[in-house]
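Number of protein chains: 2
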Amino acid sequence: MGEFDLIARHFSRPAQSDSVEVGIGDDAAVLRPTPSASLVVSTDTLVEGRHFRSGVDPEALGWKAAMVNLSDIAAMGGFPRWLTLALTLPEADDHWVAGFAAGFRAAATSCQAELVGGDITRGPLTIGVTALGECLDAPLTRSAARLGDVLVLTGATGGAAAALALLESVTEEDIPPSLLHRLDRPVARVAAGRAARGLAHAAIDVSDGLLADLRHVLDASGVGARLNANALTPDTDLQAAATRTGSVAAQWMWAGGDDYELLVAVPPTHARTLLEIWREQGLQPIEIGRVTEASGLHWAGDAPTMDPVSSGYQHF
Amino acid sequence: MGEFDLIARHFSRPAQSDSVEVGIGDDAAVLRPTPSASLVVSTDTLVEGRHFRSGVDPEALGWKAAMVNLSDIAAMGGFPRWLTLALTLPEADDHWVAGFAAGFRAAATSCQAELVGGDITRGPLTIGVTALGECLDAPLTRSAARLGDVLVLTGATGGAAAALALLESVTEEDIPPSLLHRLDRPVARVAAGRAARGLAHAAIDVSDGLLADLRHVLDASGVGARLNANALTPDTDLQAAATRTGSVAAQWMWAGGDDYELLVAVPPTHARTLLEIWREQGLQPIEIGRVTEASGLHWAGDAPTMDPVSSGYQHF
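Protein sequences, first through last, are from chains U and H.
First residue of the first sequence: 1, per this note's numbering; consecutive thereafter.
First residue of the second sequence: 317, per this note's numbering; consecutive thereafter.
The hints are simulated quantities; they were obtained by calculation from the structure and are not laboratory data.
Hints may contain errors.
Covered by chain H, per the in silico footprint, the following chain U stretches (three or more residues, Cβ under 8 Å) [as the list claims (entries may be wrong)]: (1) 126-136; (2) 162-172.
Ranges of calculated distance between the beta carbons of each label pair, as one might list FRET restraints [unchecked claim]: (3) Met317/H <-> Glu293/U: 25 to 35 Å; (4) Gly617/H <-> Arg53/U: 55 to 65 Å; (5) Ser328/H <-> Arg32/U: 24 to 34 Å.
Which residues of chain H face chain U? A few of them, derived with a C-beta cut under 8 Å, are [claimed, not checked]: (6) Asp343; (7) Arg458; (8) Leu599.
From the three backbone atoms N, C-alpha and C, an ideal C-beta is built for every residue, glycine too.
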């Protein structure tokens with residue numbers, strides 16, 4: 001079975017959206033942008049053994065590959081539109097590709113995005129996704145956090161890192177679903193990102209770990225932050241995982257990575273409104289601190305106990 | 317040196333075009349599309365040992381990675397605008413990345429396109445590129461070839477395949493530059509593709525090999541073709557390479573692949589105009605046959621002598 005057969009069997013589908021003039025199967029896709037919208041584009045690569053474990057369920061992998069890119073669109077306050085997929089596979093495994101395609105499609109559909117093109121080549125398992133979204137007014141960037149802004153997360157962090165740590169000693173079946181889902185079934189906070197436009201000053205998704213991504217915002221904005229170490233408290237599953245693996249839950253929550261919650265800097269005058277909207281969306285937002293003039297990170301009270309050199313996910 | 321250092325050193329540059337609202341360094345790029353243009357998107361992956369040889373000059377590789385994607389935009393009759401790059405590297409080799417980035421940027425600039433985002437991860441050497449272009453009126457697809465159309469190439473094929481064959485027995489220095497350039501420094505036929513809009517019915521770039529890509533056009537259009545085997549004649553370098561390696565030049569020209577010329581199906585009434593424009597652009601177009609009602613490929617006179625099972629580049 002060759003590239004074209006795999007694509008025809010598992011990826012070619014009639015276009016769902018009127019915006020897709022030419023979909024999968026030509027030299028390039030042809031898309032109709034929304035008039036006067038800006039285009040939001042993000043590319044991410046997932047490499048076996050580095051961004052996902054060998055033997056992971058292909059459907060979960062397809063889901064995650066789409067979602068981590070859609071999360072970048074969400075972090076700009078954009079609405080997802082289209083995806084391309086560059087799949088490099090060691091062999092043409094029809095069953096594996098079927099599962100991967102189903103997971104990818106499910107994630108895309110849940111965010112109103114559509115796969116419009118890509119390629120399949122033979123090589124070490126690598127997944128490259130480009131997500132295209134649109135934004136009808138100014139996008140949320142990393143560089144616009146201002147003095148006094150409240151730093152708010154769309155939800156709890158640390159679950160993905162806890163699941164990854166547990167996988168070193170136990171099988172998937174023995175991992176609490178609440179944690180395994182955080183690792184394998186992330187959900188891009190698209191509605192939350194869109195709601196933040198016009199209210200928040202800056203946003204980022206905390207895929208590299210909360211503190212590392214917060215530093216990206218602070219550096220780009222030329223400000224600092226004062227954080228409340230008690231803002232993040234482990235739930236029962238997370239605490240049990242920490243105890244079981246001899247780990248520190250605070251490490252996972254503040255620096256674990258792979259979380260795909262959004263972190264925004266929102267002025268105090270708009271914070272209450274945004275929190276209300278996010279709660280109505282079913283989220284459980286968490287205020288973690290404030291933007292300060294002094295550069296760098298400071299802790300209100302004691303810093304959480306964690307590995308002092310931890311600075312988030314290193315791609316290298 | 318980490319991902320962010322490599323990106324900052326070699327890829328982050330002030331945006332060249334007004335269309336880039338947010339460039340490299342945020343969760344996603346934010347771009348301003350041309351009003352009423354359609355968006356043309358293509359993704360391709362290059363894997364070491366499969367799409368390029370190990371140890372190839374990184375600058376040539378960067379050039380080619382950009383060009384093979386820009387060629388897909390050209391094949392739709394679009395004008396290139398933006399590129400994203402997903403670079404997976406076995407190690408953070410600063411010198412290698414500098415060369416790659418220079419070649420990539422040179423290719424992009426030569427087509428008026430700009431790198432706007434991407435990522436660098438550690439893993440087996442793999443290059444994923446997404447090219448974004450625009451088209452102000454109907455794009456050229458594969459599926460619109462019509463009975464009687466003339467099949468015309470923008471230029472000679474086979475050089476890349478000849479260079480690849482020579483590399484099995486001789487060093488780069490011993491390969492005629494005319495052939496090595498076809499392999500390592502392809503040029504996307506952007507102006508030729510744009511000129512073909514409104515004149516030609518269908519277009520494709522012959523990256524998979526001329527006959528294989530012609531079949532893609534014929535299958536998508538529901539027609540056949542009658543080809544003139546004498547249309548393609550090897551030049552001195554190509555013939556010498558065939559003699560030296562005991563190969564058949566016709567095999568390289570009709571089925572070699574990696575050529576990045578455009579093949580168009582143009583109605584006879586417009587063929588002369590298109591050929592004139594292409595010659596003014598410095599191209600040496602070649603008429604290879606006609607579109608017929610009968611499906612499949614037929615030869616006017618003797619078929620060229622070549623491997624009968626050859627059907628173009630197989631990605632798997």
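For each hint, the structure was consulted:
For a cut-off of 8 Å, the count of residues in the region 126-136 of chain U with a CB near a CB of chain H stands at 7, and the three-residue condition holds. For the region 162-172 of chain U, the assignment as covered by chain H is violated, since 0 residues bring a beta-carbon within under 8 Å of that chain's beta-carbons and 3 are needed. The given range of 25 to 35 Å is respected by Met317/H and Glu293/U, whose C-beta atoms sit roughly 31 Å from each other. Look at Gly617/H against Arg53/U: about 58 Å separates their beta carbons, and that is inside 55 to 65 Å.
Checked against the hint of 24 to 34 Å, the pair Ser328/H and Arg32/U passes, with Cβ atoms roughly 31 Å apart. A least Cβ separation of about 4 Å between Asp343/H and chain U falls short of the 8 Å threshold, and the interface hint therefore holds. Annotation: Arg458/H was flagged as interfacial toward chain U, and the flag holds, the nearest CB pair being 5 Å apart, inside 8 Å. Of the supplied interface hints, the one on Leu599/H is violated, with its beta-carbon coming no nearer than about 19 Å to a beta-carbon of chain U, more than 8 Å.
In this structure, the earlier hints numbered 2 and 8 are contradicted, and the remaining ones agree with it.
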